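Please arrange chain B on chain A, whose structure you already have, making use of the hints.
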Amino acid sequence: MKNRTKTALVAVTAAALLASAAQAAGKLEIFSWWAGDEGPALAALIKQYEAQYPGVKVDNATVTGGAGTNAKAVLKTRMLGGDPPDSFQAHAGQELTGTWVVADRMDDLTSLYKSEGWMSKFPKAVIDLVSYKGGIYSVPVDVHRSNVMWYQPATLKKYGVTAPTSWASFLTTCATLKAKGMATPLVMGENWTQQMIWESVAVGVLGPKGWNDLWSGKLKFTDPRVVGTFTTYGKVLDCANKDASGLSWQQATDRLLAGQAAFNIMGDWAAGYLTTTKKLKPGTDFAWSASPNTNGTFIMLADSFGLPKGVKDKAEVMNWLKLLGSKSGQDTFNPLKGSIAARTDSDLSKYSVYSQSAAKDWKSKVIVGSMVHGAAANEAFTSGFGSINDAFVSNRDAKAAAQAAQDLATKSRIGM
Amino acid sequence: MKRLSTDRLWSMLVLAPSVLLLAVFVYGFIFRTGYTSLTDWGNDPAQAFSLKPIIRYIGLQNYTDLFTSSLNVRFRQDLVSTLFFTVFFIAGCLGLGLSMALLLDRNPKAEGLWRTIFLFPMSLSFIVTGTIWRWMLQPQGGLNQLFHLDPAKNEWLTSRASIWGFDWNKIPLLTAVVVALALLVVAYRAFQSAQRTRMLVALGCAALLLIWALAVGPNVKMLPAPEMHGFNIAFIGIIIAAVWQMSGYTMALYLAGLRGIPEEIREAARVDGANEWSTYRLVIFPLLAPITLSAMIILGHISLKIFDLVFAMTGPDNGATDVPALLMYITSFRQNALAVGAAIGTVLLLLVAIIIIPYLFSQFRSQEGHS
Numbered sequence: 001m002k003n004r005t006k007t008a009l010v011a012v013t014a015a016a017l018l019a020s021a022a023q024a025a026g027k028l029e030i031f032s033w034w035a036g037d038e039g040p041a042l043a044a045l046i047k048q049y050e051a052q053y054p055g056v057k058v059d060n061a062t063v064t065g066g067a068g069t070n071a072k073a074v075l076k077t078r079m080l081g082g083d084p085p086d087s088f089q090a091h092a093g094q095e096l097t098g099t100w101v102v103a104d105r106m107d108d109l110t111s112l113y114k115s116e117g118w119m120s121k122f123p124k125a126v127i128d129l130v131s132y133k134g135g136i137y138s139v140p141v142d143v144h145r146s147n148v149m150w151y152q153p154a155t156l157k158k159y160g161v162t163a164p165t166s167w168a169s170f171l172t173t174c175a176t177l178k179a180k181g182m183a184t185p186l187v188m189g190e191n192w193t194q195q196m197i198w199e200s201v202a203v204g205v206l207g208p209k210g211w212n213d214l215w216s217g218k219l220k221f222t223d224p225r226v227v228g229t230f231t232t233y234g235k236v237l238d239c240a241n242k243d244a245s246g247l248s249w250q251q252a253t254d255r256l257l258a259g260q261a262a263f264n265i266m267g268d269w270a271a272g273y274l275t276t277t278k279k280l281k282p283g284t285d286f287a288w289s290a291s292p293n294t295n296g297t298f299i300m301l302a303d304s305f306g307l308p309k310g311v312k313d314k315a316e317v318m319n320w321l322k323l324l325g326s327k328s329g330q331d332t333f334n335p336l337k338g339s340i341a342a343r344t345d346s347d348l349s350k351y352s353v354y355s356q357s358a359a360k361d362w363k364s365k366v367i368v369g370s371m372v373h374g375a376a377a378n379e380a381f382t383s384g385f386g387s388i389n390d391a392f393v394s395n396r397d398a399k400a401a402a403q404a405a406q407d408l409a410t411k412s413r414i415g416m
Numbered sequence: 001m002k003r004l005s006t007d008r009l010w011s012m013l014v015l016a017p018s019v020l021l022l023a024v025f026v027y028g029f030i031f032r033t034g035y036t037s038l039t040d041w042g043n044d045p046a047q048a049f050s051l052k053p054i055i056r057y058i059g060l061q062n063y064t065d066l067f068t069s070s071l072n073v074r075f076r077q078d079l080v081s082t083l084f085f086t087v088f089f090i091a092g093c094l095g096l097g098l099s100m101a102l103l104l105d106r107n108p109k110a111e112g113l114w115r116t117i118f119l120f121p122m123s124l125s126f127i128v129t130g131t132i133w134r135w136m137l138q139p140q141g142g143l144n145q146l147f148h149l150d151p152a153k154n155e156w157l158t159s160r161a162s163i164w165g166f167d168w169n170k171i172p173l174l175t176a177v178v179v180a181l182a183l184l185v186v187a188y189r190a191f192q193s194a195q196r197t198r199m200l201v202a203l204g205c206a207a208l209l210l211i212w213a214l215a216v217g218p219n220v221k222m223l224p225a226p227e228m229h230g231f232n233i234a235f236i237g238i239i240i241a242a243v244w245q246m247s248g249y250t251m252a253l254y255l256a257g258l259r260g261i262p263e264e265i266r267e268a269a270r271v272d273g274a275n276e277w278s279t280y281r282l283v284i285f286p287l288l289a290p291i292t293l294s295a296m297i298i299l300g301h302i303s304l305k306i307f308d309l310v311f312a313m314t315g316p317d318n319g320a321t322d323v324p325a326l327l328m329y330i331t332s333f334r335q336n337a338l339a340v341g342a343a344i345g346t347v348l349l350l351l352v353a354i355i356i357i358p359y360l361f362s363q364f365r366s367q368e369g370h371s
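Sequence lines, in order, name chains A and B.
Under the UniProt record's numbering, the first residue of the first sequence is numbered 1, with each subsequent residue one higher.
Under the UniProt record's numbering, the first residue of the second sequence is numbered 1, with each subsequent residue one higher.
This is chain A alone, in the form it adopts within the complex:
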């Protein structure tokens, strides 16, 4: 009996030693907010990583909460506390560069881009977005489009209208629909979905160049053209539901499906919701077009991962980033998440009907970054703009909103 205990003890100790030896072979902590619907896509990537690098223990440190509301706060306390995760998710663009790169917390990945031959595989606009003062700081793994207008062909047919291609015709269509008894032709949800509408209006009114000038400081928010974006946005809001702040984007989409509204402007994650959750057929049950005036433009947002300074498992992180940027890694992840690959050479046969059309646009349209989703402006601005939007929805004062946005831009050092 005693002997048995001893052997058992020895065996357990040996196993523990072996396990720790395996751990010593490497570990990798991946910090993200991909839980729920996005979990399986991340799990598939991790599985692929573990198959390629056996012996590395992957720690999937997910903090739940949509769009990273909670994860970002946790990340900030960890970074300030000197305990950075090996690799963390951040929206490509200013959300990463304006917070972490300017603070000198990230390593330059230019050599990785050169050795993997990525300079020609990612669109230049995307590389510019993740660059800061000559260095490249993260690897975008997926791309979403934010300027998509969704509708049901059946509803439009019933009311005898077509999907408008400019904001002017949108307002006419809205008046027609209202006259025919549809109270709210446009359905929108909580604050950030409203800001996406402003973003679509602004890109439509200012054009891609004007939009980029806004973020480089060449165009002031107090410019009459920018004030005009708020005026138009206000008119568009008149077409929308008043109880928006109580609705999630899914609930807003549900109203579209119920025929209570004709249009909804939402990022292309809506395609996943409509096809997977609602089991609808793209093209017949629901259809889409670029939001008015933005047919030639692709407002993008992307998730990316970088290499924080001072992590212990640098080699493992580099392997992880290589996988993220590779064609096979992106084509494993994106069909499951409902996004498209940031690379332009992905295997489109793996993607849904909607994603195939989005991937086509990705290669052919002018790419600009989304403000709402952290690509065009830093967090100080994006967060403050939420309050400005909220005030504007209440008081509809275009001049005041533009002035406040300019004050905020100055304070957040936009374009400096």
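Just so you know, these hints were derived from the structure itself, not from any lab.
Errors might be hidden in some of the hints.
[Said to hold, decoys possible] The list that follows gives simulated cross-link-like pairs (lysine-lysine, DSSO-like), each with its CA atoms no further than 27 angstroms apart:
no., chain 1, residue 1, chain 2, residue 2
1, A, K180, B, K153
2, A, K121, A, K209
3, B, K52, A, K133
[Claimed, not checked] Below, a sample of chain B positions facing chain A; criterion: calculated Cβ distance under 7 angstroms:
no., residue
4, P139
5, F307
6, D308
It should be emphasised that the depicted structure is a prediction, and the values quoted were computed from it without experimental measurement.
Where is the CB? At the ideal position from N, CA and C, for every residue including glycine.
Relative to the frame of chain A, chain B by itself:
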């Protein structure tokens, strides 16, 4: 004598760890937050999370900005909202709690069951309460469905209307008038109790304040343009949920108080010819006054620092239902303006202190009286 000192030594030894922990993790951090709020940490995004951030001391600039800068409209609305929320929340809890306690005090059937039912919401956390009530008050769901109400007209949490609006620029004026009126009351009381000097000082101060309010006050401009703040209708939904959660607690307090009143006192009142209502008005309610005070203090500080209920019910992005604690979180962790976040936190602490400190003083005084 010797035994006493070993006892003392022991008590000090036992207390030391918690005193130390409190000193560091409560008072040390309060001090640290207070100091951070006087710096510019995070006002430049590049310095917010820098490894070696350059943090400058800028004095009270963050506070001045919060109360007067055009970018901080939301903070000022939050202060006003908190004030209204606190008043309605306390009034609701006290009113409902007292009524329930009075009903239960009449010994209804299955009293224990009722007590459990009324007290039950308190066992839930604000997050759970918030989630439940959000479902119930949603435009398309819950109450509106149940009573066939028009979701477009019954905007429990989504209304953008505001009532009882006033101009933020008038705050110095209003404060002066209110303080002057309070001083006049003090003067009147002093007059009644024939304290001459006290009356004269109070009258003098009141007169000075009123003269200031009439002559200088209207010309003081904190902001270049008028800025209206008021009670946001959307808060009604949140007040309902908060009252639902906490009124059971005030009921329990009141019930304990009612049960603590000896039957003899009621009988004595009856013998003196008091009817039911005047027994309550003249005998029982005055005896419950200390309980009301404790309940107000506890509910008051809950309502000033409320965060989770609002977060669960309307999320962090609704200006109409925002509170300072939520704004502090967003400012610090989303906007990365750590110093401004600390300043909001300090303002919150001062607000809570205004409620708690007088209470603590009165407690200390009464304890000293006993010993």
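Hints violated by the structure (listed by number, smallest first): 5 and 6
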